[in-house]
Amino acid sequence: MNARTGAVSAGQVAGDSTAGKIIEARDLVKSFGQTPALRGATLGVRAGEILAVMGPSGSGKSTLLHCLGGILAPDDGEVWYAGERLDTRSDDRRSELRRDRFGFVFQSGQLVPELTAEENVALPLLLSGTRRGPAMAAAREWFAALGLVGLEHRRSGELSGGQAQRVALARGLVGKPAVLFADEPTGSLDSLSGELVMDLLTAAARERGTTVILVTHDARIAAYADREVIVRDGKVSTLTGAEA
Amino acid sequence: MSVPLTLLGLLEREPSHGYDLKRDYDMYFGRGKPLRYSQVYATLSRLARDGKAVAGPAEQGAGPERRRYVITDDGIADVERWLAEPAEPEPDLQSELFAKVVLALLLDRPAGRYLDLQRAAHLQRMRALTELKRSGEPLDLLLADHSIYRLEADLRWIDHAAARLDMLAGAVKR
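Those protein sequences? They're chains A and B, same order as listed.
The C-terminal residue of the first sequence carries number 325 in my numbering, and the numbering is unbroken.
The C-terminal residue of the second sequence carries number 328 in my numbering, and the numbering is unbroken.
Among these hints, one or two may not hold up.
Derived coverage of chain B by chain A (criterion: at least 3 residues anywhere in the stretch with Cβ under 8 Å from a Cβ of chain A; other residues may be distant) [to be verified]: (1) 168-177; (2) 261-275; (3) 282-295.
Here are the in silico distance ranges between beta carbons for each label pair [to be verified]: (4) Leu286(B) x Phe113(A): 40 to 50 Å; (5) Tyr182(B) x Ala284(A): 40 to 50 Å; (6) Val256(B) x His234(A): 53 to 63 Å; (7) Val224(B) x Gly322(A): 30 to 40 Å; (8) Ser289(B) x Ala225(A): 16 to 26 Å; (9) Gly266(B) x Arg221(A): 27 to 37 Å; (10) Leu261(B) x Pro117(A): 52 to 62 Å; (11) Ala275(B) x Asp108(A): 25 to 35 Å.
Calculated Cβ distances over 10 Å to all of chain B for the following chain A residues [claimed, not checked]: (12) Gly214; (13) Asp280; (14) Ala304; (15) Glu309.
It is worth saying that the hints were derived from the structure and are not from the lab.
Where is the CB? At the ideal position from N, CA and C, for every residue including glycine.
Please build the complete structure, drawing on both the sequences and the hints.
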């Protein structure tokens, strides 16, 4: 269910345990070689919710985000999206879902340097088969929304860190994703630029009912979220003892 | 915050009646804690007694008797000195957090759990202040930022304390 509109979309409710949750991790286990990153991570995120995933460096919070977003497959456990198992899908099917339903924003260095800012924003639409004209038109709408008008034809090297991150945010949102995954989206920015990015990110998400899963170690950034969970030693908990 | 020096600062701006000073104080600094009239007039009397301000002649009108107060050179020097001095970092909250962690460790109570609950309370307050920044006036934003950065400092301390609980437990029981 969308936390703000109260709307329930088809496929979101699949049994009691997933009711109201758009995305869910159940007992996820993931190791890199001999190093365990997740050791039974369980988490449910409601549709329309902005959730901060906090935790110290190396706690497994980015690995959790990548498993939820279908970038990594867990060694054990389950990932559910809108009432369907995600982790058992083929690579191609997970790619399709990532392209069509998910958006991503990472810390930095994610723009394609050969493309203009406008082309970078339009990229997810172009890759999913939208014709260039409509894709560029959709991209341009985001330049006004994110205070980037006039920068459409610049390449990433000609943008400040804050501008580049807003372009990356536009790219994450241009496909109207149901879930936006943001991994330390302000990690490379000064505090004022970071605040601007978070203001824009949360305003855009709330306006559209987009679910946001935000990985951050920064409490000021987590304060933009509706609630927070904490990852410690590969497990997820809440600070108050409530269900994660 | 020093109420007398703040009122004196407002007086430096322009000679004012007690009523005007209370209104301006409440608007800029009150934040839900307005000054009482009795406090304003008592403060003005003390400032006049100490030579920091001078009360003008009584003005007769329809209402109660009113006097306009004017700051003196001595008062201006006080305001200038006060503004040039950094404020004493307030140790109150730090002392309470510190005392709770040490006591919890001494009493074999779950200090980590206490720190988590404190962390949740701090984050909740930070969330409310972040919302205030989104919806409030520019002065609210300035004030909210100050509170947020203070909370952030506490949260960093909480993180460090939580990471060192085992070592600290050993230290307090030696």
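Verification of the hints:
{"no.": "1", "hint": "168-177", "verdict": "violated (count 0)"}
{"no.": "2", "hint": "261-275", "verdict": "holds (count 4)"}
{"no.": "3", "hint": "282-295", "verdict": "holds (count 3)"}
{"no.": "4", "hint": "Leu286(B) x Phe113(A): 40 to 50 Å", "verdict": "holds, 42 Å"}
{"no.": "5", "hint": "Tyr182(B) x Ala284(A): 40 to 50 Å", "verdict": "violated, 29 Å"}
{"no.": "6", "hint": "Val256(B) x His234(A): 53 to 63 Å", "verdict": "holds, 60 Å"}
{"no.": "7", "hint": "Val224(B) x Gly322(A): 30 to 40 Å", "verdict": "violated, 60 Å"}
{"no.": "8", "hint": "Ser289(B) x Ala225(A): 16 to 26 Å", "verdict": "holds, 22 Å"}
{"no.": "9", "hint": "Gly266(B) x Arg221(A): 27 to 37 Å", "verdict": "violated, 50 Å"}
{"no.": "10", "hint": "Leu261(B) x Pro117(A): 52 to 62 Å", "verdict": "violated, 34 Å"}
{"no.": "11", "hint": "Ala275(B) x Asp108(A): 25 to 35 Å", "verdict": "holds, 30 Å"}
{"no.": "12", "hint": "Gly214", "verdict": "holds, 36 Å"}
{"no.": "13", "hint": "Asp280", "verdict": "violated, 7 Å"}
{"no.": "14", "hint": "Ala304", "verdict": "violated, 4 Å"}
{"no.": "15", "hint": "Glu309", "verdict": "violated, 6 Å"}
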